[in-house]
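*Asks:* If you read the sequences in order, they're chains A and B. Heads up, the first sequence is in our numbering, so the first residue is 1 and it goes up one at a time. Heads up, the second sequence is in our numbering, so the first residue is 1 and it goes up one at a time.
Hints are not guaranteed to be accurate.
Unchecked claim - Derived DSS-like pairs: lysine-lysine, alpha-carbon spacing no greater than 30 Å straight-line: (1) A:Lys-221 with A:Lys-175; (2) A:Lys-266 with B:Lys-109; (3) A:Lys-61 with A:Lys-23; (4) A:Lys-266 with A:Lys-175; (5) A:Lys-288 with A:Lys-300; (6) A:Lys-266 with A:Lys-241; (7) A:Lys-255 with B:Lys-109; (8) A:Lys-241 with A:Lys-288; (9) A:Lys-136 with B:Lys-109; (10) A:Lys-288 with B:Lys-109; (11) A:Lys-8 with A:Lys-23; (12) A:Lys-38 with A:Lys-27; (13) A:Lys-300 with A:Lys-312; (14) A:Lys-8 with A:Lys-61; (15) A:Lys-241 with B:Lys-109; (16) A:Lys-255 with A:Lys-241; (17) B:Lys-109 with A:Lys-221; (18) A:Lys-8 with A:Lys-38; (19) A:Lys-38 with A:Lys-221; (20) A:Lys-8 with A:Lys-31; (21) A:Lys-38 with B:Lys-109.
Unchecked claim - With the C-beta cut set under 7 Å, the calculated list includes, among others, these residues of chain B facing chain A: (22) Thr-6; (23) Val-9; (24) Val-10; (25) Glu-79; (26) Leu-80.
Claimed, not checked - Here chain A is said to cover these stretches of chain B; the calculated rule only asks that three of the stretch's residues, wherever they fall, bring their Cβ under 8 Å from a Cβ of chain A: (27) 20-32; (28) 67-78.
Simulated from the structure, these hints should not be mistaken for laboratory data. What you are looking at is a predicted structure, and each value in this text was computed from that prediction instead of being measured. The beta-carbon is built from N, C-alpha and C at its ideal position, and this holds for glycine as well.
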Amino acid sequence: MEFKDYYKILGVSDDAEASDIKKAYRKLARKYHPDVSKEAGAEARFKEVGEAYEVLSDPEKRAEYDQIRQLGARGYQQGAAGAGTGAGQGFSEEDLSRQFTDFFESIFGGMGGGHRQAGPDWQQAFSQRGQDMHHKIALFLEEAASGVQRQIRLQVPEVDAYGRVHRRTKTLNVKIPPGVVAGQRIRLAGQGGPGVGDGATGDLFLEIELAPHPVFGVDGKDLLLTLPVTPWEAALGARVKAPTLTGQVNLTIPKGSASGQRLRLKGKGLGRNPTGDLIVTLQVTVPKRHSDEALALYQKLAQTEADFDPRKQLEARS
Amino acid sequence: MNTTVTTIVVTEHQLSDETTVWTLTEVCERTALSRESVMDLVDLGVIRPTAESRRGAREWTFQDQALARLQRASRLRRELELDWAGVAVAIDLMEEIQQLRREVDSLRKQLYRS
Numbered sequence: 001m002e003f004k005d006y007y008k009i010l011g012v013s014d015d016a017e018a019s020d021i022k023k024a025y026r027k028l029a030r031k032y033h034p035d036v037s038k039e040a041g042a043e044a045r046f047k048e049v050g051e052a053y054e055v056l057s058d059p060e061k062r063a064e065y066d067q068i069r070q071l072g073a074r075g076y077q078q079g080a081a082g083a084g085t086g087a088g089q090g091f092s093e094e095d096l097s098r099q100f101t102d103f104f105e106s107i108f109g110g111m112g113g114g115h116r117q118a119g120p121d122w123q124q125a126f127s128q129r130g131q132d133m134h135h136k137i138a139l140f141l142e143e144a145a146s147g148v149q150r151q152i153r154l155q156v157p158e159v160d161a162y163g164r165v166h167r168r169t170k171t172l173n174v175k176i177p178p179g180v181v182a183g184q185r186i187r188l189a190g191q192g193g194p195g196v197g198d199g200a201t202g203d204l205f206l207e208i209e210l211a212p213h214p215v216f217g218v219d220g221k222d223l224l225l226t227l228p229v230t231p232w233e234a235a236l237g238a239r240v241k242a243p244t245l246t247g248q249v250n251l252t253i254p255k256g257s258a259s260g261q262r263l264r265l266k267g268k269g270l271g272r273n274p275t276g277d278l279i280v281t282l283q284v285t286v287p288k289r290h291s292d293e294a295l296a297l298y299q300k301l302a303q304t305e306a307d308f309d310p311r312k313q314l315e316a317r318s
Numbered sequence: 001m002n003t004t005v006t007t008i009v010v011t012e013h014q015l016s017d018e019t020t021v022w023t024l025t026e027v028c029e030r031t032a033l034s035r036e037s038v039m040d041l042v043d044l045g046v047i048r049p050t051a052e053s054r055r056g057a058r059e060w061t062f063q064d065q066a067l068a069r070l071q072r073a074s075r076l077r078r079e080l081e082l083d084w085a086g087v088a089v090a091i092d093l094m095e096e097i098q099q100l101r102r103e104v105d106s107l108r109k110q111l112y113r114s
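Extracted from the complex, chain A is given alone in its bound form:
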């Protein structure tokens, strides 16, 4: 197990005043808060900072930690190397700052965060609801549209006969029906943390994320597609093939379409009740190189349409 230097993590000296520790924590918490920071690794840093503050802001824990730091730091480095941190996935998302590493728990025991909990202290209460847990699942659009089965692994806390908290890995096979959208929460009742005493088991909330798709964009329940068309298809109208999540469809490009024009394919989007649409935006595209013959035709077109000035509006305003 790796020794954690909480002073270093907060960037304070080991004789720092409580007020400096608080200041350092606030600054770092703001910087790395997963709701605020998009930096890679912010979440891990935030957890670390939370853990460091948990210890250093509590005079008793700090004193205990200081002792270990002086005496035993070496032992930790030599001990179970590669044991990893306990910051596994599947923990309750809103309690990031209370997810402690094995290092922390080896010193302060499993319920380290107890005093920061706003609810009643579990030791005094006869019963308390188990913790709700949160887990994010990333799906491809195709999976969201047609349903999918996913295996998820969670770390659930478990209280033993001595009141100590251990973590257990729980595996769930979840069958997700078609029609989920980004940000959707699915509540799995009774799949969260265990209750204490007569307290009910907490729930597990799955939150759906959608992976970026190479072809389709997403706007709520609607899918977005930019469809390239040729100038002659736009001018003359055409019947072209367009991709949808469930295969190709024939799409009629109306005569006289312009770039940026939108066509709506009802019910070809995501979600249910009602299912969203596929919004196709036309993009008039020209070949990189034209044949001499094609250029001649364009020349002729230019002469025939000499009256058309798409920039008339701009001139009038400048």
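Please build the complex by placing chain B on the supplied structure of chain A, with the hints as guidance.
*Replies:* Showing chain B alone in chain A's frame:
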């Protein structure tokens, strides 16, 4: 190590926004917030009780989205040591940023199609 695998089938009904409704007591229990705090957040416009419960004399109820917001609010207050007004502003701004990001993403997708 326990290796049992439980299979859970989520029904389409569970995907509906209206399926999960929480009472005031339940949201307090699940967020470890006091009733007063939840009421403060209703006053600040962070969450809204369901229309039926606002009309009726019964206990307030909330849709699941409100619970998700309360969980976030509670987390921000604790972890960033904000007051409720600060939490309300932070949540509004975060949602606006999220919305703008989505728009930028979809516009980019339409502009620079490879």
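*Asks:* Using 7 Å as the Cβ threshold, decide whether Val-10 of chain B counts as touching chain A.
*Replies:* Nearest chain A Cβ about 5 Å off; hint holds.
*Asks:* Is the hinted pair Lys-136 of chain A and Lys-109 of chain B satisfied, with a Cα-Cα distance of at most 30 Å?
*Replies:* At roughly 25 Å apart (the allowed maximum being 30 Å), Lys-109 of chain B and Lys-136 of chain A satisfy the hint.
*Asks:* Does Lys-27 of chain A sit within 30 Å of Lys-38 of chain A, going by the straight-line distance between their CA atoms?
*Replies:* Given pair Lys-38 of chain A, Lys-27 of chain A holds - Cα atoms ~16 Å apart, limit 30 Å.
*Asks:* Quick one, are Lys-61 of chain A and Lys-23 of chain A close enough, alpha carbons at most 30 Å?
*Replies:* 19 Å, holds
*Asks:* Sort out whether Lys-241 of chain A lies within 30 Å of Lys-255 of chain A, counting only the CA atoms.
*Replies:* Holds. Lys-255 of chain A to Lys-241 of chain A sits at ~16 Å (cutoff 30 Å).
*Asks:* Take the shortest C-beta to C-beta distance between Leu-80 of chain B and chain A; is it under 7 Å?
*Replies:* 6 Å, holds
*Asks:* Would the hint linking Lys-221 of chain A and Lys-175 of chain A be met if the CA-CA limit is 30 Å?
*Replies:* 21 Å, holds
*Asks:* Quick one, are Lys-266 of chain A and Lys-109 of chain B close enough, alpha carbons at most 30 Å?
*Replies:* Roughly 21 Å separates the two Cα atoms, so the pair holds.
*Asks:* Under the criterion that the straight-line Cα-Cα distance not exceed 30 Å, is the pair Lys-288 of chain A, Lys-300 of chain A satisfied?
*Replies:* Cα-Cα ~19 Å, so holds.
*Asks:* When you check the alpha-carbon spacing of Lys-8 of chain A and Lys-61 of chain A, does it fall within 30 Å?
*Replies:* 17 Å, holds
*Asks:* Taken at face value, is the distance from the CA of Lys-175 of chain A to the CA of Lys-266 of chain A at most 30 Å?
*Replies:* Status holds; Cα separation ~27 Å.
*Asks:* For the pair we were handed, Lys-38 of chain A and Lys-221 of chain A, check the Cα-Cα distance against 30 Å.
*Replies:* 25 Å, holds
The structure fails none of the hints (numbered hints given earlier).
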